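There are 2 protein chains.
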Amino acid sequence: MESIHTRRTIRQYCGRNIEPELLEKLLSEAARTQTMGNLQLYSVVVTRSDAGKAALAPAHFNQPMVKSAPVVLTICADFRRTSTWAECRQATPGYDNVLSFMNAATDALLYTQTFCNLAEEAGLGICFLGTTIYQPHAIIEALQLPQLVFPVATLTVGWPAEEPPLSDRLPLASFVHQETYHDPTPEDIDLFYAEKEALEVNQEFVRINNKETLAQIFTDIRYTKSDNEALSLTFTEALKRQGFIH
Amino acid sequence: MESIHTRRTIRQYCGRNIEPELLEKLLSEAARTQTMGNLQLYSVVVTRSDAGKAALAPAHFNQPMVKSAPVVLTICADFRRTSTWAECRQATPGYDNVLSFMNAATDALLYTQTFCNLAEEAGLGICFLGTTIYQPHAIIEALQLPQLVFPVATLTVGWPAEEPPLSDRLPLASFVHQETYHDPTPEDIDLFYAEKEALEVNQEFVRINNKETLAQIFTDIRYTKSDNEALSLTFTEALKRQGFIH
Numbered sequence: 001m002e003s004i005h006t007r008r009t010i011r012q013y014c015g016r017n018i019e020p021e022l023l024e025k026l027l028s029e030a031a032r033t034q035t036m037g038n039l040q041l042y043s044v045v046v047t048r049s050d051a052g053k054a055a056l057a058p059a060h061f062n063q064p065m066v067k068s069a070p071v072v073l074t075i076c077a078d079f080r081r082t083s084t085w086a087e088c089r090q091a092t093p094g095y096d097n098v099l100s101f102m103n104a105a106t107d108a109l110l111y112t113q114t115f116c117n118l119a120e121e122a123g124l125g126i127c128f129l130g131t132t133i134y135q136p137h138a139i140i141e142a143l144q145l146p147q148l149v150f151p152v153a154t155l156t157v158g159w160p161a162e163e164p165p166l167s168d169r170l171p172l173a174s175f176v177h178q179e180t181y182h183d184p185t186p187e188d189i190d191l192f193y194a195e196k197e198a199l200e201v202n203q204e205f206v207r208i209n210n211k212e213t214l215a216q217i218f219t220d221i222r223y224t225k226s227d228n229e230a231l232s233l234t235f236t237e238a239l240k241r242q243g244f245i246h
Numbered sequence: 001m002e003s004i005h006t007r008r009t010i011r012q013y014c015g016r017n018i019e020p021e022l023l024e025k026l027l028s029e030a031a032r033t034q035t036m037g038n039l040q041l042y043s044v045v046v047t048r049s050d051a052g053k054a055a056l057a058p059a060h061f062n063q064p065m066v067k068s069a070p071v072v073l074t075i076c077a078d079f080r081r082t083s084t085w086a087e088c089r090q091a092t093p094g095y096d097n098v099l100s101f102m103n104a105a106t107d108a109l110l111y112t113q114t115f116c117n118l119a120e121e122a123g124l125g126i127c128f129l130g131t132t133i134y135q136p137h138a139i140i141e142a143l144q145l146p147q148l149v150f151p152v153a154t155l156t157v158g159w160p161a162e163e164p165p166l167s168d169r170l171p172l173a174s175f176v177h178q179e180t181y182h183d184p185t186p187e188d189i190d191l192f193y194a195e196k197e198a199l200e201v202n203q204e205f206v207r208i209n210n211k212e213t214l215a216q217i218f219t220d221i222r223y224t225k226s227d228n229e230a231l232s233l234t235f236t237e238a239l240k241r242q243g244f245i246h
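For the protein sequence lines, the chains are R and C, in the order given.
So that you can map any letter, position 245 of the first sequence is 245 in our numbering, and since no number is skipped, the others follow by simple counting.
So that you can map any letter, position 60 of the second sequence is 60 in our numbering, and since no number is skipped, the others follow by simple counting.
Pulled out of the complex, with its shape left as it was, chain R reads as follows (with noise of 0.2 angstroms):
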């Protein structure tokens, strides 16, 4: 898996198409995944239609990698087939609860990230659209998806037309505790964050932004405290309407 020292997320993808003897390949091996009881607790719905993605973007903000790229996979928390097949063999199901999506969407996550492994490894590039939890009514309508199944990811993928640079990490002192969680102190964030707050294209970002640090760019632009709690409305809703909360 030399292919992770490399990857960067692609958002330009060349004209050629995905075969769909590729994409089955890497959807079925992806399936290998551990996965909760066996029960493989996920539905990947793929969009290769203009239509299809043009009612997906509205609900990714417009993103034109949903557009642009060949392929479009929302991977979704599903319990519905479960439970159907319950249904036809005499058993009653009882996932209709928060457990239960928590349950499907760690199934669908994993799978997800092993797709994601393997595409890559294949050549293909990857955008992992994280607006998928933030207005999942519109995705849930575009998909056609039943109750107890819901939008977990999206990526768009197809064959990369750029070249990005790699992005920076956190070292690993600053995620990896040894027995218990060490707090972190004013200390140790100067520390974790030195790298980050000094690179050039962040500094640039303060910079343009009239902001006074980093930090500030994702606290009162990109992910801000009002946006998050009207998402986190939004999404608990949509978790009333699939079934998963009553």
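All clues given are correct.
Copies of the same chain are indistinguishable here, so a pair counts whether it falls within one copy or spans any two.
In the DSSO-like style, the derived pairs of lysine-lysine whose C-alpha atoms are separated by at most 27 angstroms in a straight line are:
1. 67 <-> 25
2. 225 <-> 240
3. 225 <-> 211
4. 196 <-> 211
Treat the hints as calculated values from the structure; they're not laboratory data.
Keep in mind the model is a prediction, meaning the values are calculated, not measured.
Starting from the known structure of chain R, fit chain C onto it as the hints suggest.
Chain C in isolation, oriented as in the chain R frame:
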């Protein structure tokens, strides 16, 4: 990533330790996984001590792997470090809400799965403990996790001392949908689950548990409605305790 074809959950480990350098290399490489805003909203607690494993074991219903594996990793959704960074930089964090929990849990689970893929490629064996979100309060206490840190995955890791058979998987058509979701009909269900239900090991499960169908093993014994509902409450309470719900 040829290892994906032969991976299986490993619950028995030989005496050989995992060298700290190898573990650090894998934990570090896994961090190349995409992450929201490049914030790396996760942390990993490494448990190697007997005392640490003994403290974690009850949270995982005393499954023997927790004590017998050389290393136990608890991967957490973590908005604590990012929030502390903000507070140290004249920025006001707003990540004490459900959406932020989901964002951090997503980051943590994607990171977890890349780690699994890398570790299995290096020859290590892993068991993913789904029990992590069943009794999160017990793990929070054992690992001293502060507010805005929440355990979402546990891996027991070691060198394999067993080679169990590969587990079965559903056919691709059961979990991959083209353009929109196709709700499975009873005929689809028969087709999708035929192989699983015909497996001798599964038929034996049904017999020894005096059940009529394999689905009943899941609904009546392994993942019951009453357990799921009780654990949903426990999970929600833990989210409140850690500050993600008010």
